[in-house]
Structures are given as C-alpha cells and as structure tokens.
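Student: In terms of full-length UniProt numbering, the sequence shown opens at residue 1 and continues consecutively.
It is worth saying that the hints were derived from the structure and are not from the lab.
Check before you lean on any hint, since a few could be wrong.
Between beta-carbon pairs, the in silico distance windows are [claimed, not checked]:
hint, residue 1, residue 2, range
1, 229, 111, 25 to 33 Å
2, 270, 164, 18 to 26 Å
3, 299, 176, 45 to 53 Å
4, 134, 17, 20 to 28 Å
5, 45, 167, 32 to 40 Å
6, 17, 138, 15 to 23 Å
7, 334, 133, 21 to 29 Å
C-beta: ideal position from N, C-alpha, C; glycine also.
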Amino acid sequence: MKNLTTTASVLFLRAAWGEDTPRAPLWLMRQAGRYLPEYRAIKARASFWEMVRTPELAAEITLQPLRRFPLDAAILFSDIMTPLPAMGVPVEFNPGPVVAEPLRSRAQLEALHLPETQEIAPYVAEAIRLVRRELAGKPVALVGFAGAPLTLATYLVQGSGSKDYEDFRAFLRQEPALAHRLLEKLTELTIRYLRMQIEAGAQAIQLFDSWAGLHDPDTYRTFGLPYNQKVLSALAGLGVPRIYLAVGASHLYSLLAELPCEVVSVDWRLSLAQVRPFFPAHTLQGNLDPAVLLAPLEVITQEAHKVLRAGLGGPHIFNLGHGVIRTTPPEHVAHLVEVVHQFNRHSEEPA
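Produce the complete structure using the sequences and hints provided.
Tutor: Here you go:
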C-alpha cells in the first residue's frame, strides 16, 4: 500500500528511526482491548477469533483507543498465534492460547505446513489496509507485529500458558535437533507473515519474544538469538523500523544488543538510564510498570516523569513495560497521555 504519511510528519517514526525528538511519542501495548468498554461491547457478541479474523472488527478495535486518546501509533488488533493455524495447528483461546495437541514428535513437526505468504492470514492484510485508510493524512503510525520463533515454539510445545514452561525448556535439551528444525520453520513463517503485513501497509514491526526471559544466556544464544537475527535481517531495507521486545530479559541485554533492529522495547524492571548503555545505537521503548495505571493520578504523574527523565540522553518512545492491565481505568490512560505530551525532553536534564 502506498505510504500516505511521510516519516517526517509522524513523531513515532522519527523516534523509531533514531531521532532524539523534543517529545517522546507514545503508544501502549494492548492499548486496543480489554480495559475499554467499547471493546468489551464487541467481545460480548463475537469470539476472539471472530474479532481477529473479521477485518472490519479488527480494524475497528485497532482504532478504538485512537478515538479516545491522542496516541502516536496504533497497533493492529490480533495475536501472536494468528499465523499458526495456516501451518495446520488448531489454536483456541481459554482465555489464553491453547494448542490441543502439543508438538513433541518428529512426525508432528514434519506434518507442519509452511504456507505461502498470501495463505497465512489474509484477513490481517485486509485489516491493515482498512486501518491505513482511516489513518490517511494523520500523524499516526500503524504497528504490525508477530511472535518471535522461540516464543511461538514455547506455546506449540508446552500447549498452553504456564508459569515456568518446564516442558518446553526440557524439550530444548532433550530434543535439540528437533527444536532447531521447529525454530527454522517458525522463522520462515514469521518472515513471510511480517513481509505480508509490511506490503499491506504496516509502518513499523514489533517482534514479541514474550518468553525469552525464561532462558539463561547460553540457551538464548543457541535457540533464540540466531532465529531472531534471521527474522529481523529479512526485513532490512523494507522501509520500516524494527522493534524487539523480550520480557524479563535484562540478563540477556548484552546478547540483544546484537540484534539488527532500530528499537529495543524493555520492561519495567530496570530504569531506561540503566538500560541505555547496552543499546547506545538504538531507540529505547518503554517502560512504565503497567500497574502504575491502577494508582491515583498524582502517582501516575510522578512515575511517568521518572520514566521520561530516565529516557533522556537518546531517542525514546514512551510505552508500558508490558500490556495494559484489564482493570485499568480509561481516564488514567488519558491522564498518562496528557503527562507525556506536556514533557519537553529538550528542556529537561537526564535522570
């Protein structure tokens, strides 16, 4: 799709490409969804897969927070599990993702179908086109996303959510050759899926490695890093900034610095001032603790200012350290947006 807004007019894209902007652009992970009454109204009449697979509904949900708050980016309403059914893997949500037959054998692995780009999730491409039409001429970027290969493999092998994903961690050690073959397939799937999103009009891409932090550095170096490098490298030259997020992964930062991406999104466990030395050539994204949005407004102001000051000294995109919590009052999000908008980075001293 033709780019209808230039990078120069979109604050988010300027920061993502490395500009130390006077105001930190702002968006929130899971900004479209469960804390908004208008989302819950749709959810009352449609299942999660119906919302994801109906382009008009996915586009509407993507745009809902933009109608409430002057955010600098929208993120497509979908899920990291979305491309897996095209491989022949049924996925249900109860409420999180559930794979009825966890992948543990070579026969299961060989049965996985590697779909062509246009076969993966055509409804996602159509939702992207619908959102871009709505955002035409507005200084708001549309972020597409996918799950990182290691995180997708975590769900495929474990079968459902878990505190420690012990079955998957054991699988990496018991069946390393099988694990690598699975990761190779998921890497190619992810590359095709993200290229499709970019061709449809996504202006930035975020790779969610939600469970990378489960692993020690050697394990991540073996089973995470090379596949993430391949995915991100495959998107080079396509004209979109690449964002990588690993949760609970501060022990991996020296390895994450090797990834070919423009933006590193970090959780709330370290201040941005502590994180920046690991990523001197990157834009940092984050990293307000989502629980802060449950606190009184004066606490939100105080904590947001801490994050904003810690983000000085280089390009910064304001975000949460993870997704918006379900019980977050929308008026607290509105207050946070106002606080971030009023903070002039060029008139402040670093923390």
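Student: For each hint, tell me whether it holds in the structure or not.
Tutor: Now the hints, each set against the structure:
{"no.": "1", "hint": "229 to 111: 25 to 33 Å", "result": "holds, 27 Å"}
{"no.": "2", "hint": "270 to 164: 18 to 26 Å", "result": "holds, 22 Å"}
{"no.": "3", "hint": "299 to 176: 45 to 53 Å", "result": "holds, 47 Å"}
{"no.": "4", "hint": "134 to 17: 20 to 28 Å", "result": "holds, 24 Å"}
{"no.": "5", "hint": "45 to 167: 32 to 40 Å", "result": "holds, 36 Å"}
{"no.": "6", "hint": "17 to 138: 15 to 23 Å", "result": "holds, 19 Å"}
{"no.": "7", "hint": "334 to 133: 21 to 29 Å", "result": "holds, 26 Å"}
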